[in-house]
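Chains as they are written, first to last, in full-length UniProt numbering: chain W, 1 to 356; chain U, 1 to 313.
In case anyone wonders, no lab produced these hints; they're calculated from the structure. It is possible that part of the hints are untrue.
[Said to hold, decoys possible] Here are the simulated EDC-like cross-link-like pairs (lysine to aspartate or glutamate), alpha carbons at most 20 Å apart as the crow flies:
| # | chain 1 | residue 1 | chain 2 | residue 2 |
| --- | --- | --- | --- | --- |
| 1 | W | Lys-125 | U | Asp-33 |
| 2 | W | Lys-196 | W | Glu-178 |
| 3 | W | Lys-85 | U | Glu-204 |
| 4 | W | Lys-196 | W | Asp-280 |
| 5 | U | Lys-198 | U | Asp-141 |
| 6 | W | Lys-10 | W | Glu-111 |
| 7 | U | Lys-198 | W | Asp-59 |
| 8 | W | Lys-10 | W | Asp-189 |
| 9 | W | Lys-125 | W | Asp-148 |
[What the hints assert, rightly or not] A partial selection of chain W residues facing chain U, derived with a Cβ cut-off under 7 Å:
| # | residue |
| --- | --- |
| 10 | Phe-103 |
| 11 | Val-116 |
| 12 | Glu-218 |
Glycine is no exception: its CB is placed at the ideal position from the N, C-alpha and C atoms.
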Amino acid sequence: MTLLDITELKTYYRADDGWVRATDDVSLSIDRGETVGLVGESGSGKTTLAKSIIRLLPDNAEVVDGSIDFDGTEVTELSNRELRKQIRWSEISMIPQNAMNGFDPVYTVGEQIVEVITYHEDTSKAEARERARTLFDDLGVDPDRVDDYPHQFSGGMAQRAMIALALALSPSLVLADEPTTALDVVIQDRILETIKELQEELNSAMIMITHDMSVVSETCDRIAVVYGGRIVEIADAETIIMNPRHPYTLGLRNAFPDISDDDQELISIPGTPPDLVDPDDGCRFAPRCPFAEEECWEVTPEPESYGDGHAVECHRADEIEHLQEEAGKKETWVEQDLGRSEEIEPSPPEEVELDD
Amino acid sequence: MSTERTSPIDSATGAVGDGLDYVRTKLEVFEGDRLGQIGLAILVTFLLIGIFARPYTIEFLDLTIPGLTPHDPGERAVGGRLESPSADHPLGTTDMGRDVLSQLIAGTRVTLIVGSLAAFMAVFIGTNVGLVSAYFGGWVDDVLMRITDIVYGVPFLPFAIVLVAILGSSLVNIIVAIVLILWRSTARVIRSQVLSHKQRPYVESAQAIGASHTRIMYRHILPNVLPLTFLYAAFAVGWAVIAEASLSFLGFGDPNMLSWGEMIYNVYTANAIREAWWWVFPPGIAIMLFVMSVFFIGRTLEEVVNPELRHQK
Chain W
1 MTLLDITELK TYYRADDGWV RATDDVSLSI DRGETVGLVG ESGSGKTTLA KSIIRLLPDN
61 AEVVDGSIDF DGTEVTELSN RELRKQIRWS EISMIPQNAM NGFDPVYTVG EQIVEVITYH
121 EDTSKAEARE RARTLFDDLG VDPDRVDDYP HQFSGGMAQR AMIALALALS PSLVLADEPT
181 TALDVVIQDR ILETIKELQE ELNSAMIMIT HDMSVVSETC DRIAVVYGGR IVEIADAETI
241 IMNPRHPYTL GLRNAFPDIS DDDQELISIP GTPPDLVDPD DGCRFAPRCP FAEEECWEVT
301 PEPESYGDGH AVECHRADEI EHLQEEAGKK ETWVEQDLGR SEEIEPSPPE EVELDD
Chain U
1 MSTERTSPID SATGAVGDGL DYVRTKLEVF EGDRLGQIGL AILVTFLLIG IFARPYTIEF
61 LDLTIPGLTP HDPGERAVGG RLESPSADHP LGTTDMGRDV LSQLIAGTRV TLIVGSLAAF
121 MAVFIGTNVG LVSAYFGGWV DDVLMRITDI VYGVPFLPFA IVLVAILGSS LVNIIVAIVL
181 ILWRSTARVI RSQVLSHKQR PYVESAQAIG ASHTRIMYRH ILPNVLPLTF LYAAFAVGWA
241 VIAEASLSFL GFGDPNMLSW GEMIYNVYTA NAIREAWWWV FPPGIAIMLF VMSVFFIGRT
301 LEEVVNPELR HQK
């Protein structure tokens, strides 16, 4: 059953020199209880996409076109008041990247969880407090610590407390914006496990934003690879890891070598993310793609289906065997002969801050 | 308390008890803070002196609480002219033969009233202007900050003198004049602080949770900038007392209420500054002590609203 249905969403930022197309023509649908990973580089528009769903965009951003249908409600058309009362937190909650700063420093963590519960539900303070303690217990934090202030928590504990806050109202969708990036690998693993367990218990859907392939491969049912504001490839987790068709996904996979394979060398993708200010037609990845052809520079590829919900935006996705073989070689990704020589612009792309 | 049935009286006494506990925990910050304790002691002394300065008559009880002043501060010739301190007049007398100690005690009231009212109002206005201005930004910010700029261009003494000349010199008008000028610095500082706070992740969390603008402003951002507000309130108390003293010294004080500033003005007009040290020093030292005590307290109060400072001890 579809919970969230995003169709042809365009979220742009106003910049001095035009529109920054942070999310361009993105369509994505998520079922109840499903976990979808959004992977991509910094500045690829992952966070913008997630924030569009809960309408937490900065003042200079605008949803230009497209629709976000959440459980039958069109989120883009809600008034601020309806959004606050019906959607935010009670239905869609968020786990921010840095939990330490996500809490208001002047209140205890417990007070903040109680506030959230009593604000949205008709619950007494004592009951809300009891729920906060139970959640803490579920997440492996000593329940007595609800009376502590955020600065008394360690990073991992603060992140757990933030997860407790996010799940306090049993939302149907949780937006996890790099929830474990600030943590070390051991804690990261435990926290991901806890999130997974609780999520299954509450049957909440989740969007997991990260640039860490290993995180998504462990936690997600489906993975969407985001590049330059577009979803370039989407499929179930196994297909993305084992059998990707987009050159960018192939490159991403190279950047996370298999630890059991001695010979495999770490191969990075040359170049930098594209400038998203009024981009020209053509594939956004073409300037960095070792397989780009004339067509890639001129025609924006449309998503093409390869069965089982596997969709790819690439003109050469049909030549998959050849691409996969080539992509494993280091020579393929050498920077030198990339791009159309006559089109190389001398000015480096301007830095556009999309995340945070 | 919540699950069992409680009578209204029980819950009321409970609430009062909780309130007292709350105040007690908040006052704990003064423990071990010598300067804060000194400040508090001085302020409480001044408060008591101010309250009990003059005799009270409670009519239906037919009871008169005697005042602290040994003589009527306005009565002439209770002693000789410009008498130096003696057992009868511990701080000597004025050129009219009035008792200086009595005047000093009576003058505490004006200081307390002006200091607390003017500072509270100024900081209240300034904090709200700064908060709203920074939080909403855009044209709201432009309008409010241009008004602040204009107020910054107004020099205090000429403004207050003109205002008092037009509206008449009364304590209320003096307070109004002080407040109209004093809110500007708080507004600016609070604005800059809120500008930084509204970008912090906890504000975004609050938005995501569904908090309204008012709630975010007053429940989340305000407590975070309160230390600064307290600090500026302390500044404002000191500044207001000094401003009132300056106005009184220039002869624009409330003629019906004696203040420390007016006492110094009287010494000056009586041409007695060089001889009557017992007349000019006490009000000056009193002003200094009072302003000092508020600063000490403001410094300590920072810890009340900043849990991180509290736990550093």
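Hint by hint, here is what the structure shows:
no. : hint                    : verdict
1   : W/Lys-125 <-> U/Asp-33  : 35 Å, violated
2   : W/Lys-196 <-> W/Glu-178 : 15 Å, holds
3   : W/Lys-85 <-> U/Glu-204  : 16 Å, holds
4   : W/Lys-196 <-> W/Asp-280 : 41 Å, violated
5   : U/Lys-198 <-> U/Asp-141 : 14 Å, holds
6   : W/Lys-10 <-> W/Glu-111  : 38 Å, violated
7   : U/Lys-198 <-> W/Asp-59  : 13 Å, holds
8   : W/Lys-10 <-> W/Asp-189  : 34 Å, violated
9   : W/Lys-125 <-> W/Asp-148 : 17 Å, holds
10  : Phe-103                 : 6 Å, holds
11  : Val-116                 : 5 Å, holds
12  : Glu-218                 : 25 Å, violated
Checked against the numbered hints given earlier, this structure breaks hints 1, 4, 6, 8, 12; the rest are met.
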